[in-house]
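Trainee: Respectively, the protein sequence lines represent chains A and R.
In short: position in the first sequence from 1, add 8, done, that's our numbering.
In short: position in the second sequence from 1, add 41, done, that's our numbering.
Any given hint might turn out to be false.
[To be verified] Calculated pairs, BS3-like style, for lysine-lysine (alpha carbon to alpha carbon, straight line, at most 30 Å):
{"no.": "1", "chain 1": "R", "residue 1": "K84", "chain 2": "R", "residue 2": "K129"}
{"no.": "2", "chain 1": "R", "residue 1": "K80", "chain 2": "A", "residue 2": "K214"}
{"no.": "3", "chain 1": "R", "residue 1": "K151", "chain 2": "R", "residue 2": "K84"}
{"no.": "4", "chain 1": "A", "residue 1": "K154", "chain 2": "A", "residue 2": "K59"}
{"no.": "5", "chain 1": "A", "residue 1": "K214", "chain 2": "R", "residue 2": "K151"}
{"no.": "6", "chain 1": "A", "residue 1": "K59", "chain 2": "A", "residue 2": "K214"}
[Unchecked claim] Quick list of simulated restraints, FRET-style, between CB atoms:
{"no.": "7", "chain 1": "A", "residue 1": "G261", "chain 2": "R", "residue 2": "G52", "range": "32 to 38 Å"}
{"no.": "8", "chain 1": "R", "residue 1": "I183", "chain 2": "A", "residue 2": "D93", "range": "22 to 28 Å"}
{"no.": "9", "chain 1": "A", "residue 1": "D93", "chain 2": "R", "residue 2": "R45", "range": "53 to 59 Å"}
{"no.": "10", "chain 1": "A", "residue 1": "F264", "chain 2": "R", "residue 2": "N89", "range": "32 to 38 Å"}
Rather than coming from a laboratory, the hints here were simulated on the basis of the structure.
This structure is a prediction, so every number in the text was calculated from the model and none was measured.
Each residue gets a CB set at the ideal place from its N, CA and C atoms; glycine is no exception.
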Amino acid sequence: MGLIDKLLSQIQFVGQAGLERIQGLGRAGVFLYSSIPWGGPGSAGFADLVKQIYSIGVRSLSIVIVAGFFVGMVLGLQGYTILSDFGSEAALGTMVSLTLIRELGPVMTALLFAGRAGSALTAEIGLMKATEQISAMEMMGVDPLKRIITPRLWGGFIAMPILALLFSLVGIWGGAYVGINMLGVDEGAYWGNMQASVSFYDDVLKGVVKSLVFGLVVTWIAVYQGFDSMPTSEGISKATTQTVVLASLAVLGLDFVLTAIMLGGV
Amino acid sequence: MRTRLMELAVGAFMVMGAIALVLMALRVSGLSTADAGDKYTIKAYFENLGGLTERAKVSMSGVTIGRVTNVYLDTEDYVAVVEMEINKSMSTLTTDTSAAILTAGLLGEKYIGLTVGADDEYIEEGGVIEDTQSALVLEELIGQFLFNKAEE
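This is chain R alone, in the form it adopts within the complex:
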């Protein structure tokens, strides 16, 4: 009887470990159970990412509709390429949607903000957002400002 109780306790302990791992995956790290079918990937080219990284949010009007999955440099044109997964529920992004790299708050993380256009056609899987706006880099802004001042 005592060994039975002990084995039960050990079994419960192992189950707790498994539950903890699942909670870590779903609740803490936001690993979603939804498979790839619920998302589609689009691309955007930026001149400067200014600290945008993988897993950054993609949002529209402040609502998160996807995530950045990959960031790399196009070695032919030397522009940054951002690949992002957008939820299938937001499949009505028009082809003239614009993307900008924004900052959450003054010191917050970088994210991509999408603004929908007025076109009739929608971006397909693997499509590219043409209208992009790079991240604001403070040093460049100050540099421009000084340059303009000097010209005056």
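Here chain A stands alone, though its shape is the one from the complex:
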């Protein structure tokens, strides 16, 4: 009897955990649905949107640009050693640019973005909740979703593709610096082969679509984790960790799906 009871409670535990996950997902969905609509320029949240783009986007600029330059340089170095085995160093520009534009630009930027801006968003909103600012807004009849969440969500959505584009661009120049100036790849071949094989619509714009999706997902996870956190110091730290972990996994998983849909022949 005791064994069956133990088994039953195990099953119950699994079922409960599953239900909680699904409920949490539903709550996050409703949360996103009710905070996305935005009045456009001139509405109450516009000044706040500018502020959010500043703190989410402009403040992430330095880390994104430095990281992009180094990633591009590493790609140039690594690509050169592999390509020179086949005597096709001329394809270095193609390799660096396609890798950055299609994959590394959007993904690396989204990961940096989750660590740099996402965690800050979660902590900020979590602290607002812990200090009961959100309850105070509700008391005054201000919708905290519209007032707090909407501008942040849009800020992330707007800032992310710009950051990803800059990352790729700086990376391509980083690769050019290493390839042309340090390793002696022909400059004309680097840019010429790149221009011959990178397509604006098929590569650049699809990379932008990717980063738009990542921007929305990472910001969504960040603000939801903050809004849903336990209003204690421990809860905030947990939510911040969750943001970085979940956002990173979501970005990597979604990247595969998006690549398969848009670029791959799967």
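Keeping the supplied structure of chain A fixed, place chain R upon it in accordance with the hints.
Mentor: Same frame as chain A, but now just chain R:
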């Protein structure tokens, strides 16, 4: 004052994004600003393309003078049709110009090499290059070689 600085920074950020997109278009993906008026389209029929794709270069004496814009199969004659855009500056392609599918280096990409002829007339917009040479397919070459050997 602080909001003014912040708004300026955000504005600059957006402008940087726009510039990045333009650079991506022009410098990285080679999307040229020149409109269709600067180019004209000609066609060529090949028996085998051997991996030639859209956006491949069209060159003459090693100088790029155009790009392949479309590749499709003619379902009546079952030959591959290649449409290419040639720069207007190269409008003096004679009607007996020949086109061959070549490979850049041993493992490089396929491109079309044009060799000009001696005719007096020039190919017009929408014209066809008659004299074409298909891509070399290694398997076919080896097959031919073995066949010839067996005959000897």
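Trainee: Is the hinted pair K154 (chain A) and K59 (chain A) satisfied, with a Cα-Cα distance of at most 30 Å?
Mentor: The given pair, whose Cα atoms are some 15 Å apart, holds under the 30 Å limit.
Trainee: Can the restraint linking K214 (chain A) and K151 (chain R) be considered satisfied, given a maximum Cα separation of 30 Å?
Mentor: 25 Å, holds
Trainee: Going straight from one Cα to the other, do K151 (chain R) and K84 (chain R) come out at no more than 30 Å?
Mentor: 17 Å, holds
Trainee: Take the C-beta atom of D93 (chain A) and the C-beta atom of R45 (chain R), compute their distance, and say whether it sits inside 53 to 59 Å.
Mentor: Given about 55 Å between the Cβ atoms, the range holds.
Trainee: Would you check the hint for K84 (chain R) and K129 (chain R), treating anything up to 30 Å between C-alpha atoms as holding?
Mentor: Holds, at roughly 15 Å.
Trainee: Please work out if K80 (chain R) and K214 (chain A) have their alpha carbons no farther apart than 30 Å.
Mentor: 27 Å, holds
Trainee: Quick check: does the Cβ-Cβ distance between G261 (chain A) and G52 (chain R) fall within 32 to 38 Å?
Mentor: 35 Å, holds
Trainee: Holds or violated: the 32 to 38 Å window for the beta-carbon distance between F264 (chain A) and N89 (chain R)?
Mentor: 35 Å, holds
Trainee: Within a Cα-Cα threshold of 30 Å, do K59 (chain A) and K214 (chain A) meet the stated pairing?
Mentor: Satisfied, since the Cα-Cα distance of roughly 28 Å is no more than 30 Å.
Trainee: Note whether the CB distance of I183 (chain R) and D93 (chain A) lies within 22 to 28 Å or breaks it.
Mentor: 25 Å, holds
Comparing the model with each earlier hint shows no violations; every hint is respected.
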